[in-house]
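Trainee: These are the residues of each chain, in order.
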Amino acid sequence: MRKSLIPLALSGLAMTLTPALAGSGRTGILEQLQAEAGQAFSAERGKALFMARHKGGKPKTPSCTTCHSKSPLNAGRTRAGKRIAPMAVSKTSDRYSDPKKVAKWFRRNCRSVLGRECTPLEKGDFITFMMSR
Amino acid sequence: MKKVTVSVLMLVATAMTASADGKRYGTIRDKVTREECGACHLAYPAGFLPAVSWKKIIGNLPDHFGDDASLDEETTKHVLNYYLKHSRHGKFRNPAMRITELRWFVREHRHEVSRRARKRAGTMSNCQACHRGAARGYFDDD
Numbered sequence: 001m002r003k004s005l006i007p008l009a010l011s012g013l014a015m016t017l018t019p020a021l022a023g024s025g026r027t028g029i030l031e032q033l034q035a036e037a038g039q040a041f042s043a044e045r046g047k048a049l050f051m052a053r054h055k056g057g058k059p060k061t062p063s064c065t066t067c068h069s070k071s072p073l074n075a076g077r078t079r080a081g082k083r084i085a086p087m088a089v090s091k092t093s094d095r096y097s098d099p100k101k102v103a104k105w106f107r108r109n110c111r112s113v114l115g116r117e118c119t120p121l122e123k124g125d126f127i128t129f130m131m132s133r
Numbered sequence: 134m135k136k137v138t139v140s141v142l143m144l145v146a147t148a149m150t151a152s153a154d155g156k157r158y159g160t161i162r163d164k165v166t167r168e169e170c171g172a173c174h175l176a177y178p179a180g181f182l183p184a185v186s187w188k189k190i191i192g193n194l195p196d197h198f199g200d201d202a203s204l205d206e207e208t209t210k211h212v213l214n215y216y217l218k219h220s221r222h223g224k225f226r227n228p229a230m231r232i233t234e235l236r237w238f239v240r241e242h243r244h245e246v247s248r249r250a251r252k253r254a255g256t257m258s259n260c261q262a263c264h265r266g267a268a269r270g271y272f273d274d275d
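Chains as they are written, first to last, in the numbering used here: chain A, 1 to 133; chain B, 134 to 275.
Simulated crosslink set (DSSO-like; lysine-lysine; CA at most 30 Å straight-line): (1) A/K100 to B/K188; (2) B/K210 to B/K189; (3) A/K100 to B/K189; (4) A/K58 to A/K47; (5) A/K82 to B/K210; (6) A/K60 to B/K210; (7) B/K189 to A/K58; (8) B/K218 to A/K82; (9) B/K188 to A/K104; (10) A/K91 to B/K252; (11) B/K210 to A/K100; (12) A/K104 to A/K55; (13) A/K82 to A/K47; (14) B/K252 to A/K70; (15) B/K189 to A/K55; (16) B/K252 to A/K58; (17) B/K252 to A/K60.
Here are the in silico distance ranges between beta carbons for each label pair: (18) B/S247 to A/Q32: 44 to 52 Å; (19) A/M51 to B/K218: 39 to 47 Å; (20) A/M51 to B/A268: 28 to 36 Å; (21) B/E168 to A/G38: 30 to 38 Å; (22) B/E241 to A/R116: 35 to 43 Å; (23) A/E44 to B/G192: 35 to 43 Å; (24) A/G56 to B/K210: 28 to 36 Å.
Keep in mind that the hints were calculated from the coordinates and are not lab data. Beta carbons are placed, not taken as given, at the ideal position from N, Cα and C, and that holds for glycine.
If we strip away everything but chain B, and leave its shape as in the complex, we get (with noise of 0.2 Å):
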């Protein structure tokens, strides 16, 4: 019972500080989404991609950028669901099928990332070694 209060009081002082912080990107609201698309890396948000994006990126999981990550038919059509209706609005000629490829990404990152961050994180597509606050929809927390 002492590890829960701690643990309590340990989530509140962490949503405290990070809501001092400025903007708030989202995160993935739906708990099936969060832990299918959260499995193998960051559940990244919708909102960063466009809706054609995701529907090329989950249309395909068998063959996910040289995994497989595959998932039944219902799961398949209920995570699809829920980044189309929260994915980026605009028009998109080259629809990306990376966040790491969009402009501003590469410009945001150009500079400001050490060698050393950079291979530590192994890739950049795992936002969680660099945004500790990336879960909670914070990225310019470090």
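Just chain A, same shape as in the assembly (with noise of 0.2 Å):
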């Protein structure tokens, strides 16, 4: 019992350092986009592109939308049934931190509801506008 309690209490510390941990994390992802797509990031853009409707992708997956939910503030779920938590990052805080988390979704989740990768613009928008809500 005692034992089990000291890597618990390890990671309960690690837990409250993530927030600072992930800010920084997050910086550096968008720092390396920015250089890439060489513009601006606009909240408005990234907006657009989580809402709209594509056409492209995969036919179940029109939509940003069709497994995180109408609004970035709210949980979604996946096709088998799991829930996601929110995308804000007001909500969920750790989001966009982890840049091999961040590029295999995007890599994954463009290539189903676009039918093709997002640009280091689009991606950025994204992460811009889910950092405004």
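Two chains, each in its own frame: build the complex with the hints.
Mentor: Below you can see the structure in the form of structure tokens.
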């Protein structure tokens, strides 16, 4: 019993540290995207990308909102029924902070919805929108 | 710290109730596999399908039941190896792509599942909607 408390206490500590670390991970990701896009990001364009019904992707997923729900403040659901935490940074503080995770899901979800990868500008717009909510 | 203690007690309590129930169907013990294959649904226990099925499923992740579930090459190999190693044994002529289409699954669920429970789950692939112990390998605890 004693023993099992130590790792849990440590993971508790890690959890209190996460918001700060998450912030710096996100800054790095945005800086990288900014350098590739060469243009200022826009939350408005990010919102349009998120809300639109797209063509060219897989038939069952015409929009980001298919899984993420219509509001970034609300939880979503995968097509297999599992809950997805809200996309807005104000609701899920560690969003867009792990470069590998961000790259993996942009690749998958942009291919599913748009039938192609998203551009650095689209990715930056999307994250900027989610940080504004 | 108080919160931590409470969650430890809760963990112990759930572990104890779970072990009082009967059969255990296995879980995914590898962290990478559990996270990657558990992102959209329960990380389905490997023992539910034979190796041929897992080979087909994990061999086509970019077109995964209508989703793109692609992984990089290295992770795909890692996950495939895990599933192959723990897959169901035996001979299978028409390897299923779905657990939910296996004969025993259909038989177990045909009369047992209420319409309301089915609707709440959204899809029969959403094991955890009905089997709260599924992530710990228990499917007979409702």
